[in-house]
Amino acid sequence: MEFDLRTPRHDAMVDITAEVSRFVAVSSIRNGLVVVFCPHTTAAITINENADPDVVHDMLAQFNQMVPWRQPFFDHGEGNSAAHVKSSMIGAGEVIPLVDGKMALGTWQGIYFCEFDGPRSRRVRVTILPEGA
Amino acid sequence: MEFDLRTPRHDAMVDITAEVSRFVAVSSIRNGLVVVFCPHTTAAITINENADPDVVHDMLAQFNQMVPWRQPFFDHGEGNSAAHVKSSMIGAGEVIPLVDGKMALGTWQGIYFCEFDGPRSRRVRVTILPEGA
Amino acid sequence: MEFDLRTPRHDAMVDITAEVSRFVAVSSIRNGLVVVFCPHTTAAITINENADPDVVHDMLAQFNQMVPWRQPFFDHGEGNSAAHVKSSMIGAGEVIPLVDGKMALGTWQGIYFCEFDGPRSRRVRVTILPEGA
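Chains as they are written, first to last, in the working numbering: chain U, -19 to 113; chain W, -19 to 113; chain C, -19 to 113.
Among the clues, some could well be false.
Unchecked claim - Rough simulated footprint, nothing fancy, chain U against chain W, three-plus residues with beta-carbon under 8 Å:
hint	segment
1	61 to 74
2	78 to 85
3	105 to 111
To be verified - Stretch-level coverage of chain U by chain C, calculated; a stretch enters the list once three of its residues show a Cβ under 8 Å from a Cβ in chain C:
hint	segment
4	-7 to 7
5	45 to 55
These are computed hints drawn from the structure, not numbers from a lab. Backbone N, C-alpha and C define an ideal beta-carbon position, used for all residues, glycine too.
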């Protein structure tokens, strides 16, 4: 199962919790695992606070301080090596426990698509696996 | 399956390998995957060396150098944006192969609950999934 | 299922997509999840671009700037704390959706074994789990 999204800016964290929840709601699996996967190398998936938007602002600013867009030692011709670094630092996917038909996210947790070289059209894949006995 | 822990300091890596192993021991699944998930946005789960405690000291010190607690560009009113950044850098969960009833961790690997804004009461969820044929 | 590799240098990203694909090809599971796990504490698994080798160069250089090999606050006697930090930053494993018998990697995605304290002999474990109905 896949869905598409359009990221709004060069750097962005887009809350995709509702989209993922829609796939979970139509699955017959009630307990197991939900895997959210990003098939792009300049983007990532993470889980973090979905209450105060300042958290997302601060996270993107901190990532940019740690991984500057320009570095004297970057050779890659496309000029987006910083986005590749952030993609591997944050990671291409997240696994979320599925309990009684709902993702067992914490109170403040949301699932984010992290864009590091946008704006672009992007894709997200959701896989649901059943728990054992 | 869940368990609670109390983290001891503001920054800490608490070895939870024994707690996770207890859930694995009572499961009827012998081969598959063990997923350890942290439902908090200022903490994380990682796998790293469990032999020399200096490794944990050095890791926490390096995280603090990369992500300072105070930054002029942090807006979040709670003042713990650094903890949110570290949570996404390290990640909310780990997946560990389950082989013949035991987690297939390497010789020096232990599972750690990473606290970045403690001390606090925290929760960890363990999910076990069966391997296919 | 496991395979061994020899890493070529102190810092390296070795493309292991072909090795993992070989395990996928002989599995009877057509849809589900492929988990690639690194049982070492100074190495990691990541997914990133497999087209331009400059990307790997730039990523390793950026990791080394963020996490210097020597730090005045490193206590660990082995002297490889930087490798432990990078291992937890990048992560011990990756989960990849399996769709119709093939890993659903994006066009530019490859699976990399990241060596941060080599050259060494290393091991990788591949676990394949079936999707639910």
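Practice task
Go check the segment -7 to 7 of chain U versus chain C for me, would you? Three or more residues, Cβ under 8 Å, otherwise it fails.
Solution key: Answer violated; 1 residues pass the 8 Å Cβ test.
Handout entry: Coverage of the segment 61 to 74 of chain W by chain U (three or more Cβ within 8 Å)
Key = It holds: at least three residues are needed, and the segment 61 to 74 of chain W offers 10 whose Cβ sits within less than 8 Å of chain U.
Exercise for the section: Can you take a look at whether the segment 105 to 111 of chain W is actually covered by chain U? Rule is 3+ residues, C-beta closer than 8 Å. Expected result: That given contact holds, which follows from 5 residues of the segment 105 to 111 of chain W lying within Cβ reach (below 8 Å) of chain U.
Exercise for the section: Apply the coverage criterion to the segment 78 to 85 of chain W and chain U: a residue qualifies when its Cβ sits closer than 8 Å to a Cβ of the chain, and three qualifying residues are needed. Expected result: With 0 residues closer than 8 Å to chain U, the segment 78 to 85 of chain W misses the three-residue bar; violated.
Practice task
Check whether three or more residues of the segment 45 to 55 of chain U sit with their beta carbon closer than 8 Å to a beta carbon of chain C.
Solution key: holds (count 6)
The structure shown violates the earlier hints numbered 2 and 4.
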